[in-house]
Each structure stands twice: as structure tokens, then as C-alpha cells.
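Q: We have chain A; now place chain B onto it with these hints.
So the protein lines, in turn, are chains A and B. Quick note: the first sequence uses the numbering used here, first residue 2, plus one each step. Quick note: the second sequence uses the numbering used here, first residue 217, plus one each step.
Any given hint could turn out to be false.
Below, in silico cross-link-like pairs of lysine to any residue (SDA-like), each with a Cα-Cα straight-line distance of 25 Å or less [to be verified]: (1) K324(B) - D438(A); (2) K403(A) - L514(B); (3) K224(A) - G310(B); (4) K63(A) - L266(B); (5) K527(A) - T411(B); (6) K442(A) - G310(B); (7) K170(A) - L266(B); (8) K442(A) - Q269(B); (9) K505(A) - S489(A).
Computed Cβ-Cβ distance ranges for the label pairs, DEER-style [as the list claims (entries may be wrong)]: (10) P278(B) - V200(A): 54 to 60 Å; (11) I428(A) - I541(B): 32 to 38 Å; (12) P278(B) - A183(A): 25 to 31 Å.
Think of the hints as simulated: they come from the structure by calculation, not from any bench. Note that the Cβ used here is the ideal one computed from N, Cα and C, for glycine as well.
Spelled out from the first residue to the last, the chains are:
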Amino acid sequence: MSGEKDHTYLSRLRAQLADRQIDRREFLRTATLLGVSASAALTMAGQVRPARAEETPKAGGKIRIENKNSSADPATMTSIDESNATRQALEYLTETGADNITRPYLLDSWKPSDDLRSWTLNLRKGVKWQDGRDFTADDVTWNIKRLLTDETGSSVLGLMKGYMLNETKGADGNATHSLWDANAIEKVDDHTVRLNLKVAQIAVPEHLFHYSFAMVDPTSSPKFRVGINGTGPFRVAELNPGRNVIYEANKNYWGQKPYLDRLEFVDYGDERAAVPAALISGQIQGILNAEPQQMPLLRNQPTLQLYEVLTGDGPALRFRVDHKPFDNPKVRLALRLGVDNAAVAKLALGDMGSAGEDHMVAPVHPEYFKLPDFKQDVARAKQLLAEAGYPNGLQFEVAVTKTPAYHILVVQAIVEQWKQIGVNATINLMPTSAYYDVWTKVPVGLTSWAHRPLGIMNIGLAYRSGAPWNESGYNNPEFDKLLTQAESVADPVERRKVMEPIEKILQEDGPMIQATWRKQATFYAKAVGGFSMHPSQYIFARNLWLKA
Amino acid sequence: MLAFALRRLTQLLVTAIISSFLLFVVTEFSPGTVSRQILGPYALPNQVALLDQKLGLSQSLPQRYVNWLSVLVGLKANPLGDPSLKLDLSDSRGDRYFGNFGYSLMFKQPVRDVLAGPLENSALLGAVAMAFIVPLSLLIGILAGANAGTQLDRLLSTGCLIVTSIPEYAAGVILLTIFVSYLNWLPGTSPLLATEQWSIASQLVLPAAVLTLATVGYVARIVRASMADTMTKPYVRTALLKGLTKRRIVTRHVIRNGMIPPMTVLLLQINWLVGGVVVCESIFAYPGVGRLLLQAGLFGDLALVQTITLLSLAIAAVTQLLADISYVALNPRVRLT
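So that you can see chain A by itself, here it is in the shape it has in the complex (with noise of 0.2 Å):
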């Protein structure tokens, strides 16, 4: 598997994992970046997958699980839920699992080239549309193309448009965007695809398992509605938006057969009170995730299995910089250092939290950069803010969703916090809904940001200059230059000498708190086997099956 079609940095990146510079995960992480398959990785990393007691999974049965739905297109998803109820039909080109490791799904390998501006996608042969047709390299660049569209409004374009596209200002000042070469989306045959990229990237394939980068059909609404053609393990049966999605198993899938006949998704809304009710009296087997203040209830019910993993999931207390006071540096700063974020998560989460360094890295990514500990300086805060001229201190609102419900203990606990330096802040507690159509716009807000497994994909998305998802309007360039150099180095090690002053500038210039990380933790009935629980709470229901 080391032979001479592998990318040059793999012997490199094996003489850091012998040197013990690397960690195995991170091995494992960066070499199947590199295009090397999980299995080849786990054998040079000197180990082998071990051999586990499973049962042996049993076809047939009904799963009910509580996760949201809509009716949206899948290119403009917002939420998880929503991208869990179009997974089980419509499926990824990757797909990075409960490990943090990404691998091929729809692709049957990637290679990028020594310089990381090419990127070779091979897709998988065999893989059928749910209505017959062959999945083909055609679907996958119209795919790309509409998802780097301006009028598709997808997240994808701002994860993407550093090395994709081309921004081009108008005469009334709004930006558009166009493919940076002709030939970036290249087909090279029925099977291939190549990605041109304008610079160097390396979370390409992390990129393509983002959320909205489902695979829709070309030739007919991309809108997700009952019998939506897919290339997944499970039809869309029924759909009533706002109460549940019924899907059958796709007996034509291409792949390993789903084991179960039939999955239901039951949307509670934001009665989430109501969720552990449902899980206790058997009425659905496995929910979304659990809150922290429902644990103690839920831990002590014999018929559930708890499932937890650690995350990258941080909710980010913004600013809107073009905003007053907001746009003051200062301001920002004398915010942040008035806030103990360890005491704000062990308020907000329990032993479910760990405290945040207000630079949206965390200690589960490869590029995760110690910096030394950013302490709470009340003095400090108080002569900002009187240099920036507010002696007197400030008071503002800040917004907040309802649900995850301790998203309103983080924004309790800082804004107590504040009023040590003088600021007075109210709370806006709105419906998630609601909150999640003007996200973008609110001057304070505390907003949530799902894990994904590099440091470099929130930040890429949050704050680089006039992406979609800069909810802060934060713009500057020397941060929009450090993260496109961090996003093409594939060294580990290189790449965390970068994020070193990326996390620096959030942390001194930056237009948010981010005082929290989270474990994920849910429980199923202990009847359902297959289910890990993955950091972005995705569900892969073609692994589930029941006991009997």
C-alpha cells in the first residue's frame, strides 16, 4: 500500500508517527486525507482493527427515532435534523465517521496531487439511483456546480469559495461569484471526476461530507418530499412535515442492505420535554441527543443504552462587528476576558463540558494549538472598555434559541458574569426557528456550532470575510490570508504552526465568546444494535437493526 502511487508526505508523515510527533488518530486522519483507504492506514499505523464480540445483525422490524423534519432542499439545510432526514435517501460523495476519520462513500477512492491543487475523484461503479439509473460523474459535477451557485444560497459556497471560486464586486456593492477556472468542476470520465483548485486544500474530502453536499438528482426537484430520488439504503414512504418521515428499505440498494423494513423520524419540535417521556414509555427507540439536565433521568431507565462521544461542538456568543460598540476591538476583548469560561461550563453542562478558549478549536482537532491559558482579568476588561470610551459600562441584548436548552444557561452564566465589568445585558429567548431566520443579523446572539472533525472547517465557515455563514460580518484579511495558507498544509504539525496565530487573533480580535465544548451523548433501547453515536449527531440508519 506504501508503493509508488502514494502521495510523497505519506513516508513523512509515517517517520512523525514513529517519532511520536503524531498521534495514531491523527495519522489515521491525515492519511486517508491523503487518499490511503482507512484499512491501509490502520496496518501501516502498526495496528489491526480489533476483532469485537459483535452479534450478528438480524434483518427485518420497525425503528422509530426522534429527529426533525422539513420539507427544505437539502443545498440550503440549516440544521442536522433536517440533514438526518434526507441521509437515509440521498448520500455523500464521503463519508466521515463516528471516529473522525473520513473515507469514500459514494467515491471508491480520492487522490490529490503532490501540491494539493488536484484532486481525482473516483466514484464507486455500480451505485444505482433509486429509479434504476447509473450514478455518474455528470450528476456529480452538476451537484458541484449548482452547490456553488450563488442563487442555490448553500453553506457550501462559503466552505469552498476560497478554492473553488472567484469573487467579482458589483456596482451596488454586493459580491458575486463564479468557478475561479472553466475547467475546476473536470469531468474526466463516466467514473471521474477532477477538482482543479485555485489554491491548495486539504479538507477537500471532509468538505464534500459537509451537510448540504447530499447528492440530489439532476432531473428532478431537489426539494426533499416523498419518493425523492436518491442513491440511499431508504425511500421517503410518507412525509408530513412536522410530525414524522416514514421510509421503506430501498431494496435495490447498491450496497450492504439496510436491515431494517421500515424507519420512522417522529418530530416533537421544541417540546424536547416531551422527548424523554416518548424514549421512556417505548414509543420511539432512540432520540436526537440528550440534554444534560435530562441525563440523570434517562441514565436510570433499564431498557436504554447511553451512547456519548467528545466534540468539537461549540456555541459562539457573536457580535456583530458592524455594529456599535461591537466594531471596537477593544469592546470585544473586555468582553471575553470578563467571562471564566471554565465556570461557565461546568454551570451549562455539568461533567458533560469543558471550558473553551474563545478560538473555536478544539482539543479533538488534529490542528488544535495550545495556547497558553486565556484567564479571566476583570481589571483588565474594566480599562478597555473605559478606553474605549464606555467607563460606564454597556448594555445590549443578546439573542438565544430555546432549544439546546443549555444554550440559555451559557448566556445566563456570561451575562451574570458581565456585570463585574459593568455590563448589563438582557436575553432574547427565541424559538429556534425564528432565531434561525435572522441568525445573521441579531448585533449579540449565541449560536450554535455543530462539531465537524478540523478546527479549520467552523472557522472557514464563521469568519472569513463575506462567507454566508459570517454571522458577525468579522472581516479581516491577514486572518482570511493565515487560514488559506492552514487550509492547504497537510502536515499536522506544519499546520498547527499556523494555527497558532489564527487562534491568537480570534482570541485578541476576534467577534465572539466561545466559552464551551460539549460531549454528545443520546440513548437508544437496549433492542437496537448497530448505533455509535457520531460527534455531529448523524444518523446512518442502514446500520441499525433490532433484537429480537
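A: Relative to chain A, chain B alone:
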């Protein structure tokens, strides 16, 4: 009688028009615009303005009210359904029909389609609850009222007071703890999706119980007060002196006369049960109109909020008309003028 009914109907119509205008004005002043909601946070201000124009939202308030009313009665097509807008909104009934309440932006479907299921569900829950509320509250109220001042009356009245003062959400949680967590006799939520273990009927038990608990005490106290009052009327004394038994007096004379005030209250409960059971429906995730109204209100789904509110107004008006007519049946002395 005919003139009376006609006059009441005219009043009803006037009430409907005035209240619909007030409703329209109130919802018009809610924050955010329909165009912004449709186009999403990434849309540019000029795109929003363009859509405002296409939808006729830049016209004056009275004009917009007339537009809305014309769509409602089927004189005009709903501008949101125009395929050239590419909003993916379509109505299987066509674009012009009587009772066109517009499109729910939250569900991207015609309001009528969104509302049909929840309305049916709320009516079902309301009917089941009423089947317990009416006999229970009448029985308790009549027993207590006919025996005003006795030990039995005090016992029943205190019981009613206690039950009335338990809020719906507390009653819901108490019942959930007992019957779901400890006994596991009943399902914890009521999404009305039957499973192998829990039938639809079993899912109705807890919400209906909460509604019954919340209402019976109150209605029974009204019945009791009215009965007790009627019992002091001179004709009751006369009947007693004439030698009639108490049972006969109560069943033949007092109930009929004492039912007039409780009838209004009972009929008002219908209105609440069909459109306003927000708390109870939320606790049990019951897919009814109350929960939908909450969702719609929180999302800012104007068409849906308007329709549900209009519906509540209509039900209130109709039930009060029924109440007026039933007064006549109960007491012929009520003048039909």
C-alpha cells in the same frame, strides 16, 4: 324566531368583518416581512423590495386588507402562488376559491392543508374531554348546589377548588410521573402515531385527563352557584310547601332554570378546547391546533396565525349563537327581540 335568527346572523357577519380587520391590522404590525421570511437571511434588500412589490405588500393598509379579503373569498389569486416567483408553493384546489387562507410559510403548504389534520385532532381531543367534562361537572355541580351548605357541598366545593387551582402543566407532569414513569400504563407523549404497544386511544387518555381536571372544577362551581341560587327562588319554596319531594323539584324545575349560566360557560369551553389548548398539547406533543398556533406564532407564520385566530372567532361566535338559542329552549320567557 326567524327574524331573531336573521338579526343574529347579521350581527355575526358584522362582527366577523370588524374582527377580521382588527386581526389583519394587528398581525400586519408584527416584526419582519413576509418577503424577508421567504427569501431568507442571505437575500439582498433590493430582492426583498422587488418581492414586496410583486406580492402587493407596498400598497396601503386598506388596499392590502381588501386584497387579503378578495383572496379569502376567491375573487383574486394569491400572489404567493405565482409560479414565476419560484417559491414552490402550489394549491391543489386551484388559485381562486372561497376560503383560501393563503400559504403557511413554515410548512410551505396551503394553510387549509396544514390546518386540516390538527383541527381534526383537536376536535377529537375536545370531544373526548367534553364527554367527561359535561356529565362530571353537571353531576358534581347539581349535587353540591342542590345541597348547598351541607357537608357534601363543602366536600365537593373544596375538591373543585383544589382541582381548578392545579395548573395544566403541573397536572400534566404529575400524571406523567405516575402513569408513565412509575406504572408504565400509558404512553408518555401523544403524537397520534399508533405503535404496536400504544394505540391512538391510549394516547388520548392523559391529555383528555388533564383537560378534564382543568375544566371540571371550574364548570362545576358555576353549576353549583347557579343551582344554589335557583334553590332560593320563591317558586321552589312554593313547590316544597305544595308537598313535592326535593328530588322532584330539583329534577323537574331547578335544573332546567339553573342551567342557563352554565350553558354559556360550557359552550365557551368548546372554543377553548378546539383552538386554545396550547399548554396541554405542548406537554404531550399532541398535534392539535393549540400546539400549531404556538409554533406558528413563534415562527411568525402570519397566514397560519390569522387563520387559527379567525377560526377561534368563528367558533366563539357560533357557540354563543347556539347559547342564545338554547336559552330560549330552556326558558321561553327570554325575549326574542
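Q: Does each hint hold? Answer for all of them.
A: Verification of the supplied hints:
1. K324(B) - D438(A): Roughly 15 Å separates the two Cα atoms, so the pair holds.
2. K403(A) - L514(B): Holds - the C-alpha atoms of L514(B) and K403(A) are around 11 Å apart, at most 25 Å.
3. K224(A) - G310(B): The given pair, whose Cα atoms are some 21 Å apart, holds under the 25 Å limit.
4. K63(A) - L266(B): violated (48 Å)
5. K527(A) - T411(B): Satisfied, since the Cα-Cα distance of roughly 18 Å is no more than 25 Å.
6. K442(A) - G310(B): Measuring from Cα to Cα gives roughly 37 Å; hence the hint is violated.
7. K170(A) - L266(B): Within the cut-off at roughly 21 Å; holds.
8. K442(A) - Q269(B): holds (23 Å)
9. K505(A) - S489(A): holds (19 Å)
10. P278(B) - V200(A): 54 to 60 Å: With a Cβ separation near 57 Å, P278(B) and V200(A) satisfy 54 to 60 Å, so the hint holds.
11. I428(A) - I541(B): 32 to 38 Å: violated (50 Å)
12. P278(B) - A183(A): 25 to 31 Å: Between P278(B) and A183(A), where Cβ atoms are some 54 Å apart, the hint is violated.
Figure legend: structure checked against the earlier numbered hints; hints not met, in rising order: 4, 6, 11, 12.
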